[in-house]
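These protein sequence lines map, in sequence, to chains A and B.
Going by the working numbering, the first residue of the first sequence is number 9, and it counts up by one from there.
Going by the working numbering, the first residue of the second sequence is number 9, and it counts up by one from there.
These are calculated hints, taken from the structure and not from any lab test.
These numbers were taken from a predicted model, which means no experiment stands behind them.
Keep in mind that the hints are not guaranteed to be accurate.
The list cannot tell twin chains apart, which means a pair is met if one copy fits it or any two copies do.
[Claimed, not checked] Straight-line alpha carbon distances no greater than 25 Å define the calculated BS3-like cross-link-like pairs of lysine-lysine that follow:
#  : residue 1 : residue 2
1  : K227      : K117
2  : K227      : K364
3  : K68       : K102
4  : K14       : K30
5  : K32       : K234
6  : K137      : K316
7  : K272      : K68
8  : K154      : K175
9  : K68       : K240
10 : K226      : K364
11 : K141      : K102
12 : K68       : K117
13 : K364      : K102
14 : K14       : K102
15 : K305      : K364
16 : K227      : K154
17 : K150      : K364
18 : K234      : K14
19 : K305      : K316
20 : K14       : K226
21 : K30       : K364
22 : K234      : K137
There are 2 protein chains.
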Amino acid sequence: MEQELKNLIDGISPIDSDIFQKAKEHTAQLVMPPRALGRLHDISERICAIQRTLRPDVSKKQVIVFAGDHGIVEEGVSAFPQVVTLEMVRCFIKGGAGISVISRFVGAKVMVVDMGIIPDFIPENQEEKAIFKEKKVARGTKNFAKGPAMTRNEAVQSILNGFNIAKEAISNGINIIATGDMGIGNTTPSSAIGCVYTGESAEVMVGPGTGIDQEGIKKKIAAVKKGLDVNKPDPNDPIEVLSKVGGFEIGGIAGCILACAYHKIPVMIDGFISTAGALIAKALCPSSVEYMFAGHKSEEPGHIAMLKYLGLTPLLDLGMRLGEGTGGALAMNIVDAACHVFNEVMTFDQAGVHEKEN
Amino acid sequence: MEQELKNLIDGISPIDSDIFQKAKEHTAQLVMPPRALGRLHDISERICAIQRTLRPDVSKKQVIVFAGDHGIVEEGVSAFPQVVTLEMVRCFIKGGAGISVISRFVGAKVMVVDMGIIPDFIPENQEEKAIFKEKKVARGTKNFAKGPAMTRNEAVQSILNGFNIAKEAISNGINIIATGDMGIGNTTPSSAIGCVYTGESAEVMVGPGTGIDQEGIKKKIAAVKKGLDVNKPDPNDPIEVLSKVGGFEIGGIAGCILACAYHKIPVMIDGFISTAGALIAKALCPSSVEYMFAGHKSEEPGHIAMLKYLGLTPLLDLGMRLGEGTGGALAMNIVDAACHVFNEVMTFDQAGVHEKEN
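Bound conformation, chain A alone (with noise of 0.2 Å):
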């Protein structure tokens, strides 16, 4: 199982550096000042060496919500009851939560998947099974202050299901995806994970997640602390990280990734869970990182150590913090309007507008 995922990793290919010359050079004649539209720009320009295109279209948007239980909850680090999780699925299928709403503002198709939820759902009707996929690894990791999340074989399947997921959607016409997560404790394994490849100590990395008071946050710290003494996961293998202080939908998320980047499609990253994932695609998958645009800068205070070790520079600031992937597809549409100006934009000859003078 190990091989089959090293052989979807070897199967990646950096971004197009020819189209991207390309892609620079159109934008240089739209009809503005030299790159005017800043960012817009510089993502554009990259959807295009994503793409391998000067086409560039994300018009065909998914959300992919993963979610899982964790048995680091015992450690008291959540603000919520463990039962939210399940709770919350169903209520993106209703379409009432803030991904729903979002998805449905930027006119992108929602998908939940359980990866590893404690109890199950059951799917009612056509319209829930389109939207609710099962691929559960395990119900629930086990308490990672203790000792590993979950085998090894278990996060190479979190990581194989999640790519598979993303496979599916990108057959279908998806030429664009969003990361979500929902899983109650999940911001104190991507904490852990983002203590290992930032290097930032828990103190640095552990916030509020869904609003822990200070006693609570102290507690996180500690289940944090233990988790890292007790498991001493290894940076340079990411999939001993992932088992060891890891969430399956944080696996899964890692997974989705790298479909992005094999099949060659932009994927917009989250928030704090998101980016965790985005931790373990870039150690399996250097080059992954080329196909991940940041979503927003969350309010989760280690968010943005975990940025700056990708690289990469969030498109919103607005205060967010609720995950689901509710920052990801909000920025989608940053990145669509993009696509829009660099598609559709004329260029000064064709507005027959005089250029700059000096």
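Since the structure of chain A is provided, determine the placement of chain B on it from the hints.
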């Protein structure tokens, strides 16, 4: 005529604090951790208080691009020849400019207003007539480095023209307006207005605009300094400020903002030039600021000082510096998303999700 303007300003009231409070209570019930979507909540609640409703709606979007020419270009302050003002207006109307594309993308109508272009644009068909409005106050301003840019009457006229154009759009059902500008040389009067209100020096306020070099920036700083020195505009008399160092499109933008406040709809301020218009609007009517949203942080270095003076935090920061209304148009999408979240996300009760434990 000045009395007419005064009467309109007297008709502007602050936003509704009761509805603001009720909107906050609604947000607190949404199925997510408290205020987890950050500024999206702040935005939707303010729209409620602006529109006097708990069903905020910004689906009917209008971008109004105010265009004018500037005598100050004699001082060598712009990288583009003056004829480009008209050429770009033509491009807006053909639908090929940055603002055309971004407006289409966000579902906003575009209107282009000749507030004082030197040559005339003659619309050729019904379609062009629907987009283009002729409200010419004069054929370009005078060189304000040598004396007032316009008469006091012309300043009042430009504000009233902007007011009336926006009023017409609102009477057609528009529920959010983004301001835009076109005018070769117009970062120079905007810088001068910025100096008057923020108290910053010309050195801080002046930037490269459409892309002048260091030599050009020196000329531009000198022009602003000369203009302020020759005209000595009194900040307590915003009509005087506009007449002495302003522009017709800047007056139009100020009037448009006042009309939005008068008619209780939100107004999205674009970048540097639009924000200069907002400074005039604020000086005429301080509570008009409550109706403003700052679309984005322009790359023009003086912009942030203006925004700080207004007390507005920009929604986007994407390195844009095109003007035309592009930053405002793109940001209307964020505001629209915020309203959808407010209206469509379920409450904890509706979703059947457990609330926070502590």
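Exercise for review: Please flag the earlier hints that this structure goes against, numbers listed from lowest up.
Suggested key: 1, 4, 5, 6, 8, 9, 14, 18, 20, 22
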